[in-house]
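Student: Below, each chain spelled out in residue letters.
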Amino acid sequence: MGPNTATTAKPGSVDDQSVDAPLLEPQVDNQRDLPPEPSGVMECEDLNVYYGDFHAVHDVNLIFGRHEITALIGPSGCGKTTVLRCLNRMNDLVAGARVAGRVAYHGADIYDSKVDAIEVRRRIGMVFQKPNPFPKSIYDNVAYGPRVIGMEVDDLDSHVEGALRDAALWDEVKDKLKQSAFGLSGGQQQRLCIARTIATKPDVILMDEPCSSLDPIATSHIEDLMVDLREQYTIIIVTHNMQQAARVSDRTAFFTARPDETTGNRTGLLVEFDQTKTIFSNPSDRRTEAYISGRFG
Amino acid sequence: MTTTAPIISVTGGDDPGPTSLAGSRRPGEMVVMLLLRVAAFVSVAVTVGIVIALVGPALNFFQQVPVSDFLFGTTWRPNFAPTEYGALPLVAGTLMTTLVGMIVAIPFGLGAAMYLSEYASPRVRRVLKPVLELLAGIPSVVYGFFALQFITPTLLRAWLGVEVGFTNALAAGIVLGVMIIPTIASLSEDAMSAVPDALRQGSLAMGANRMQTTLRVVFPAAISGIAAAIVLGISRGVGETMIVALAAGSQPNLSPDVREGMQTMTGYIANTAGGENIVGSVSYNTLFAVGLLLFMITLVINMISIVLVRRIREVY
Ligand SMILES: Nc1ncnc2c1ncn2[C@@H]1O[C@H](COP(=O)(O)OP(=O)(O)O)[C@@H](O)[C@H]1O
Ligand SMILES: [Mg+2]
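Those protein sequence lines, which keep their order, are chains Y and A. Under numbering that gives the first Met the number 0, the letters of the first sequence match residues 0 to 296, in that order. Under numbering that gives the first Met the number 0, the letters of the second sequence match residues 0 to 315, in that order.
Since the hints were derived computationally from the structure, they do not count as laboratory data. Don't take each hint at face value.
Where chain A lies over chain Y, by a calculated footprint (3+ residues, C-beta under 8 Å) [to be verified]:
1) 131-137
2) 190-203
3) 224-235
Here a beta-carbon is modelled for each residue, glycine too, at the ideal position from N, C-alpha and C.
Go ahead and model the full structure; you've got the sequences and the hints to work with.
Tutor: Here you go:
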C-alpha cells in the first residue's frame, strides 16, 4: 500500500480532521516487530533547554532505537525542533541557548566539555525544514561533506553516485551533476540535502519537518526514502503531520506545551513515548488521544 | 480621529463624493516626482557634459599626436623638447600604485569582512563597522601626508630597511590600500551577511568547522558582491589623486620597481592643471587626453562592477 492511499484523512495537519474522526491505524511500514525497549543509539536524560530566561523544554527523557525511525510530534511551539537541535549540538549556534541534563550518544555525553561539537555533527547529521542546498553544482553539494571532513573515499565520483542513489535521486540528476542545485524542484532539493547528509556516512540522521515545504508527491518520495534509509541509519524526525508519523515511524514521542502559571511562558514537555502503533491506537494519556484525534490544536 | 482632516485635504479640495473613486492627482506627489526627475536628468547631463568637455580638446590633441603614440609610447615628456606624448609611464604609475594598494586592501579588507560577518559578536560588529567606515571619511590629503611622513621614512626605511626614494610608488600604494580597506570590507561584509543563515547551518550540521563554512560556502555564495567590492576598490585606487600626487612623485617613470618615484595619470593632471597652460596648446590638451583615458579606464572598471553586482541576485 502506498503512503497516500493508506490514511482515512487527507494528508495534512490535524486541522484536516473532524472532531470525532476515528483514531488512525498505523500503517504497514511500521508494523514490524520491535523490541519493547529501543536499543538506544541516543538518549536524553532530564533534558532541559533554555533560551535566555525562557524555559523552552522541560525534563525530556527519550531513547532513540538503532535502525528505527522515531517521530517527534506535537503542536507548534512545544519544543520539537529545540529537542532535535540538541541532539547534534546545533543549539550551540543559538546565542543564549542553554542545555541542561544529559544527551548520550552510544553512552557518551555529547555535552561533555571534552567533546567537540564538530565531531558530534559528523556522526549525527541533520536535514532541515526548508531545503538548503549550497549554491554549487549538484555534484559539489554531495561532495562537500566528504571533502570538508577529510573522509577517505576511494573514488569520490562513485561515492557521490552512491549517496545520490541512496537518496533516490540519481536517475533524475545523473545527466546534470555539474548543473546548479538550484535548478532542481523543491522535493529534489530536499533529497539532495539528504544525499549530502548521507554522503558523510553519519550514524544518526535528524530531520526537522523535512516535508513541510513539499507537495504530496514529493512528500511520499521522501517518506519512502526514510523507510529505506532506516536499514542503515537511525532516523529521528520532527513532523507536525500525524499521518506522516503514523506512516513512517516505529516509535512516536508526543510533546505538548504547558503554560507557566506565573509567567505564562509555554514550556514544552514530553507527554508520551511509545511504539507508534500504540500511540495511534491505544494512547495512555488523554492529551495524546485528544491531539491525534484532532480534538486539541 | 484628529488626523483624518489633513488627509482629506491632501487628496483634493473638490470632494468627489463618498461613492466616487475619481480623484484629482495629488499635487504634492507631482511636484516631488518632477523634482526627482530633474535631479536624475541633471546628473546624466553633467556626466555627458564632462565627456563632451573632455572630448573636444582631446580630439585637438589627437590631431597633433597620433593615438597610437599616445597609447603605446613609452616616454612622457610634454614640457621639454623634444616633446613626447607616450602615456604608458603614467598608466604604469597608476597601475603600480593601484596594484600595491590592492595587495594591501584585498587581504585586510576581506579579512575584516569575514571577521565582521562570520566571527564577530553582534556587539563587536555594532562598534567595529562604523569605526571602519570612519576610515573612509579621512581626507586623502591626510593619507598622502601620512605616506610621506611616516610610511616612507619610518615604516619602509627605518623599520623594514627598504631603500626607497623620498617619493615612491610603494608608500603611496600602501596608504592607498589603507584608504581602500573600508570600501572592500564594508561592501564584502554586506555581501557575506546577505548569505542566508540556512546555508551556514547546513554546512555546520555536516561537521564542517566555521572556517570551512566561511571559505567554502559563504565566500563563494557572496563572490559576486565581493568581486564588485574589489572592482570598486580598484576604481577608487585608479582615480585617487591626492595620495599619489603627494607620495608617488611627479616624475613619469616606466619601471616595475615600486621603490622608485612614479607619476600617475591623476598625479599628472593635478600637477599640470595647477600650472600655467596656454589654452589650446598641446600641453594644455594633454590634460584632456589623459583625463579621457582615465575616464575610459574607470568607466570600464565600473561597468564590470555593475555586471558583477547584477549577478549577485542570481546566486541564491
Ligand atoms: N532561537 C530561539 N530563541 C528564543 N526562543 C526560541 C528560539 N527557538 C525557539 N524558541 C522558542 O522555543 C519554543 C519551542 O520552539 P520550537 O522548538 O521551535 O518548537 P516546535 O519545533 O515544536 O514548533 C517556542 O516557544 C519558541 O518560540
Ligand atoms: Mg519546529
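Student: Take the region 224-235 of chain Y, compare each residue's beta carbon with every beta carbon of chain A, and decide whether three or more fall closer than 8 Å.
Tutor: Violated: only 0 residues of the region 224-235 of chain Y have a Cβ under 8 Å from chain A.
Student: Examine the region 190-203 of chain Y for residues whose CB is less than 8 Å from any CB of chain A, and state whether their number is three or more.
Tutor: holds (count 4)
Student: Under a C-beta cut-off of less than 8 Å, do 3 or more residues of the region 131-137 of chain Y approach chain A closely enough to confirm the stated coverage?
Tutor: It holds: at least three residues are needed, and the region 131-137 of chain Y offers 5 whose Cβ sits within less than 8 Å of chain A.
Violated hint for the displayed structure: number 3, the only one.
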